[in-house]
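Student: Keeping the supplied structure of chain A fixed, place chain B upon it in accordance with the hints.
These protein sequences, in sequence, are chains A and B. Sequential numbering of the first sequence, starting at 1, is according to the numbering used here. Sequential numbering of the second sequence, starting at 167, is according to the numbering used here.
Hints in this document: simulated from the structure, not taken from any laboratory. Hints may contain errors.
[What the hints assert, rightly or not] Here are some, though not all, of the chain B residues that point toward chain A, as calculated from beta-carbon distances under 8 Å:
(1) LEU184
(2) ASP185
(3) GLU186
(4) ASP189
(5) LEU232
(6) GLY233
(7) ALA236
(8) VAL237
(9) MET238
(10) ASP240
(11) GLY241
(12) ASP306
Quick reminder that beta carbons are idealized off the backbone N, C-alpha and C, glycines included.
If you want the building blocks of each chain, they are given just below.
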Amino acid sequence: MRRLSDASGEPVLSRETAERVGKVRNLVLDVPGRRIAAIHVDGRKARARLVDWDAIVGFGPDGVIIDSERSLRGPGEGEELEVASGHRGLDGRMVLSDDGFELGRITDVVFDEESGALITIVIDEAEHPAARLRALGPYCMILAAGDLPALEAPAAAQGAAHEAPY
Amino acid sequence: MGTLMRCRDVSGRPVVTLDEADDIAEVKDVVFDGVEGVVVGLTLNGRGLLSGPLHEVLPWSRIRALGPDAVMIDGKGALGEPDEVMEGAGADPNADVIGARVITENGTALGEVVDMVIEVSGSRAAVVGFAMVRLDAGRDAPTTLIPAEDVISVSGDAMIVPPSVERLVREGRGVAS
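Here chain A stands alone, though its shape is the one from the complex (with noise of 0.2 Å):
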């Protein structure tokens, strides 16, 4: 089990050449499939430079192994541009239940190493798991609500109640 944030800056290597290629910087999210589809390693925008998960031969606690340079690839448009642009990383972005509560900012994503599935979406202090994880777009992360603990329903329906005077 690996965090983003311990992952995070970690060097990649070519098991080809033994070059370093670049470093962990992002993570891009297969959301139907609940796992890392691709890392982010170098450069920025329209050159970034990103490995699909299929590439990684090793992610180990010192350095990522990929099979070989020519794994490389150019952003695709959408979700992975917007990783690749550095203002749409993963941390940070607002998390929304899909009943429409907010539930924080992403800080964190919990994966396993070996398949890259996701484990758990850690939000401020709470980690959730990342089976309810159910889309990410431009303005946040849906997460189904299911039976999340109800941070702020009692309380809002409370409030509307009080609020309304009878």
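Tutor: For chain B alone, kept in the frame of chain A given last:
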């Protein structure tokens, strides 16, 4: 009993798509059917300082959740043309009840509607009351709440109430902050 909300509090909430997690609009006004007393949808503004009102509206039936921090919809396709969804329900999104004159059926003007209280339960939202301020008071003055069942008729021009409401207003009953 469902959740009570003041429409003024709903205005400005972002409208967020569940498929792309994008904020495609924000709530402008709540549109209701003055005859049935139910909310039929929301009018919308674009997001950002420079955006104005959107032509499209959001029918109530297509809202997945009306949370305190966002209105959740499935996707962009949930928005619709105003005439297909609103006028069919007998509501005119251009007739704003906010600012309508409150007048008794005797013809005595009591005040002005400043807000509406809705009760959301399940997939239905009913109008339960209207907040008004007296004519001689400022907009920030305490409001009087007129229960929806006391309202005889309402339009963008006026709200007609029975004379008994005049007493309620004068005695300051039903006054909320």
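Student: It remains to establish, for every hint, whether it holds in the given structure.
Tutor: Quick rundown of the hints versus the structure:
1. Given the 8 Å rule on beta carbons, the hint for LEU184(B) holds: about 6 Å separates it from the nearest Cβ of chain A.
2. Because the beta carbon of ASP185(B) sits about 6 Å from the nearest beta carbon in chain A, less than 8 Å, this interface hint is met.
3. Against a cut-off of 8 Å between C-beta atoms, the interface hint on GLU186(B) holds, since the closest Cβ of chain A lies about 4 Å away.
4. A cut of 8 Å between beta carbons decides the hint on ASP189(B): the least distance to chain A is about 4 Å, and the hint holds.
5. Checking LEU232(B) against chain A: minimum C-beta separation of about 6 Å stays under 8 Å; hint holds.
6. Hint status for GLY233(B): holds, given a least beta-carbon distance of 2 Å to chain A, under 8 Å.
7. Interface restraint check: ALA236(B) against chain A, minimum CB-CB distance 4 Å, threshold 8 Å, status holds.
8. The criterion of a C-beta within 8 Å of any C-beta in chain A is met by VAL237(B), whose closest approach is roughly 6 Å, and the hint holds.
9. Using the Cβ-Cβ criterion of 8 Å, the hint placing MET238(B) at the interface with chain A is satisfied: the shortest such distance is roughly 5 Å.
10. About 10 Å separates the beta-carbon of ASP240(B) from the nearest beta-carbon of chain A, more than 8 Å, and the hint is not met.
11. Annotation: GLY241(B) was flagged as interfacial toward chain A, and the flag is violated, the nearest CB pair being 10 Å apart, outside 8 Å.
12. Interface hint at ASP306(B): violated, since its Cβ lies 16 Å from the closest Cβ of chain A, which is beyond the 8 Å cut-off.
Going through the hint list in order, the structure does not satisfy hints 10, 11, 12.
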